[in-house]
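Spelled out, the chains give:
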Amino acid sequence: MNNNTSIIVTSEKLNLQTCYDFVKDPSCGGIALFVGTVRNHSYQKEVTLLNFSSYSSMAVKEMTKIAEQAIASFDIYKIAIHHATGDLQIGDIPVIIAVSSAHRGAAFKACEYAIDTLKETVPIWKKEHFIDGQVWVNTHP
Amino acid sequence: MKIKVLFFGIFTDIFGKTTIELEVPSPINVVELKAFIIKNNPKSTALHFAVALGETYADDNARIHEQQVVALIPPVSGG
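Chains as they are written, first to last, in the working numbering: chain A, 5 to 145; chain B, 25 to 103.
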């Protein structure tokens, strides 16, 4: 594990400050944060909660690959990728990505790369619960 | 030969469990295993999935060994 990466899959509530504190550094001129939040609707239907399940050991491996690739591809210093599992209510935070870099451009790009790739490759699944039922979300492919 | 299969996401509903011991022809590679599982699908729904061996996405031609843990990865939706 790289000292410049923080990878967590947890059933605990995610902590924005923890991610921020991990990536901040005197050498960095900026920190980009992506915070995923549970939305109250999906395809015009009212969502009551989302359940996230994971293949946790593999999810950590895939998230680690993303973080290491982000460091290799962009001029960034540190990256944190934290994902929550279990039942999340509207407004709760399923995912946080924090990236620090000397200049803002690299942090923005790495942050977008990380969330886009996470949604394509990390073995985590979301089940949307509605008032009248539930459905597995199949985003990728 | 026997392998251990792990189910996740929608597959836990389709197969009604999170893991099974499965008797499969030997030798077998990933693409052959996928065909075997689709053929023996308990439901009529279409199955789309990747296969992971050793917690890593496996190529179609990767060989599967006796007692190996094989994870079926339906389309992911994290984030």
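Wrong hints could be hidden among the right ones.
Lysine-lysine pairs mimicking BS3-like chemistry, simulated, CA-CA at most 27 Å apart [unchecked claim]: (1) A:K113 <-> A:K49; (2) B:K28 <-> A:K69; (3) A:K65 <-> B:K67; (4) B:K28 <-> B:K58; (5) A:K69 <-> A:K113; (6) B:K58 <-> A:K69; (7) B:K67 <-> A:K69; (8) A:K123 <-> B:K26; (9) B:K58 <-> A:K65; (10) A:K131 <-> B:K26.
What the hints contain is simulated information worked out from the structure, not anything from laboratory work.
> Where does the structure disagree with the numbered hints, that is, which hint numbers, in rising order?
Replying inline: Violated: hints 1, 3, 7, 8 and 10.
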